[in-house]
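*Asks:* The primary structure of each chain is shown beneath.
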Amino acid sequence: MRLASVLLLVNVGPALAQTGSISGTVSLEGPAPAAKMLAVTKNQEVCGTSVRSRDIVVTGGKLEYAVASVEGVKGTVKPKSVLLSNTKCMFEPPYMGAGAGDTIVVDNQDAVLHNTHLGLQLGARVRTMGNWGLSDKGSSIRAEGPLRLAGNLDVGCDAHPWMSARITVFDHPYFGTSDQAGHFEIKDVPAGPHTVKVRHPVLGDLEQTVTVKAGAATAVTFSFPAARAANAAKTDE
Amino acid sequence: MSISCSRRVGGSAGRRVASFVAATILLAATARAQAAKPATAPEGPGKTLYVKWCSGCHGDGGAGDGYAASYMIPRPRDLTLGNFYIRSTKTGDVPTDADLRRTITDGFPGTAMSGWKTALSTAQIDTLVQYVKKFSPFFSGPAPTVLAAGPEPAPNSEGLVEGRRVYEQLKCFECHGQKGYGDGTSVPTLMDDQKMPIFSADLSKNWTFRGGPTVADIYRGFRTGLNGTPMPAYTAEANNVNDEQLWRLAQYVRSLAPAAPPDTSSMIHATMKMDGPLPATPDDKAWDEVPAHYVPLGGQVAIKPRWFTPSIDGVWVQAMYDMKKLALKLTWHDASRSPDTTFAPWIKKVVETLDHADPPPITAQGPDRIAITFPVKIAADSLRPFFLGGNSVRSAYVWRWSSSPDTAEEGTTRGLARFTPLAAKNGLGHSARYQDGEWQLQFTRALLPVDSTTAPTFGGDLPVPVAFFAADGSNGEIGMRGSMSGWYTIMIHMMGATQ
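Chains as they are written, first to last, in this note's numbering: chain A, 399 to 635; chain B, 7 to 505.
If you're looking for bench data, these hints aren't it; they were derived computationally from the structure.
Please note: incorrect hints may appear among the correct ones.
[As the list claims (entries may be wrong)] Below are the DSS-like pairs computed for lysine-lysine, each with C-alpha atoms no more than 25 Å apart in a straight line:
#	chain 1	residue 1	chain 2	residue 2
1	A	K440	B	K354
2	B	K123	A	K440
3	A	K434	B	K354
Fair warning: this is a prediction, and the values are worked out from it, not measured in the lab.
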């Protein structure tokens, strides 16, 4: 009985007793930028003549597909599966966080050949971590290797150059991806002061310090200035 | 086309062109060597070998940035990434020692990566295999997964039909084209990991396959994918095919190339047309009876502006004649009928990548072009002019063709860039066809010229010296940029009729 209590204390007790969660909201100030229309240069019979860019997805001022993480905290990733879909000749999601060692499942929901090509950014270079041909609707793969290292993965489809996505892989479990309401949640964060960083492939990063209280949800809001979206649009031109 | 094959490409003329180009790359690169950034090769057995034989392309630090690297598209491997085309392992994995040994031993045909078995011993290659792995931490990660392969089914005609069906099911044509000539609709935007333009393989030239020419090599290629390129891995489970069907696909792809590598000796035998007139177009069935001779081409690096990254690496040549005329048919593969607006992204990438190319800058696509150089006079004691249309010392007689507008003319040249249309024209006829990534071009001219001081007589006792130049306008090949051969000879046997 005593041994069991010790084990409980060591393995589970401290985590439960001394952690809290971070409940965040990410916004983009100003009016939502007009989504760019990307020209479709092939497979128009399936993809149409253009697709709406999803590089900035805002609903009612709330930013979807931003990835938040707690910086500088070590933790063990519990491997899980993450899903990346080729759908309507775009990737879903366009951006997400994943844990190092997660399994990636890639599927194809379109009746065209997609190839999903994951490239790990290493300084100015990129290294293929996996590249699969998914020749038709219903094709899917499941792979364990490509997400084993922390960092940014560029996702592309060599058959459709307008398709792009990103996955940021963390070597700890303290991250979350914002939903349509701009909301993310990071659970089981050790209590205490932390730097929370929000990343977005186009809008860049935001950081702030929060103090996580044990057993409580700490609210935090991030707001990207409208100028970031305007600058990104300018750079595109 | 019927193909007579006896010797490997590279056996003679092919190797001459290839080694000339390789030597020129190194010479040209020497001038840039001083600017190469210093980097240190790791210590350990193999360092001396690496620095002597490998670092010129792969760089002292292994980053694929040696002094010759910037003359190549694609660039030499960045060894620090541990990312290699040819592997027996799953997509994204590092290669096995055996994979690396094979790449170093046999090289990549058609690229500057030569096979080192002629220069290095087996022991030296083994040392280099271990040394190359020092450059990348990826070799210290998890062991690669070697893909298991089922047995190859015995080849048969039904298997080839099934292989073609799988080719369509897996949509291989999107990059490789309907006939496999490397002209798929994805080509204009294909890039490698370093965002450099990269052509899809021309499946009709298995002697250029980086991973080897056999059915098993091809099968391995689409099971593993080519890391760092757009070529993905095709797994059976993801694509609703079984292992046998993937073997059938490999057998089908192998069947797109000749049974044996083409003869590349310097003799082109012309066929006499005994019945009826010579064909007027290159798609005439009469050409099917005429042997095709493969002429490998290398980048035009003899005179400025030089071109180190040509897209056309060879041309099939056929020759036919009757008592009055000589017809030449050229067949070559080109992913674009230039100029081609869909290739705007391609040429943009080429220009960005070749930041140090010889001036003038490339500003737009040009047409596709062919130039065929002959001596003005064919005689037993004749000195041949410079093979690129002569020079200021000895002029040449040239046929040149352009795709846009579709025109051909004959002229006297002092170098291909200094062309004077012939005053005494000999009625040079031509006919060009483009389909499925292939150009077919026929020239026809009378054996006897109007004025034998300005144009050669064909069909005398002597073989006809001939040299070829080709350009793909969508690849930035304008002016002297393109690919070239050395001298070949066309054998015309007149059976004494006109002598």
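*Asks:* Each hint: holds or not?
*Replies:* Evaluated hints:
A distance of roughly 19 Å separates the Cα atoms of A/K440 and B/K354; the hinted pair therefore holds under the 25 Å criterion. The suggested pairing of B/K123 with A/K440 is violated, with an alpha-carbon distance near 44 Å, which exceeds 25 Å. This hinted pair checks out: A/K434 and B/K354 have alpha carbons roughly 22 Å apart, not beyond 25 Å.
Going through the hint list in order, the structure does not satisfy hint 2, though it satisfies all others.
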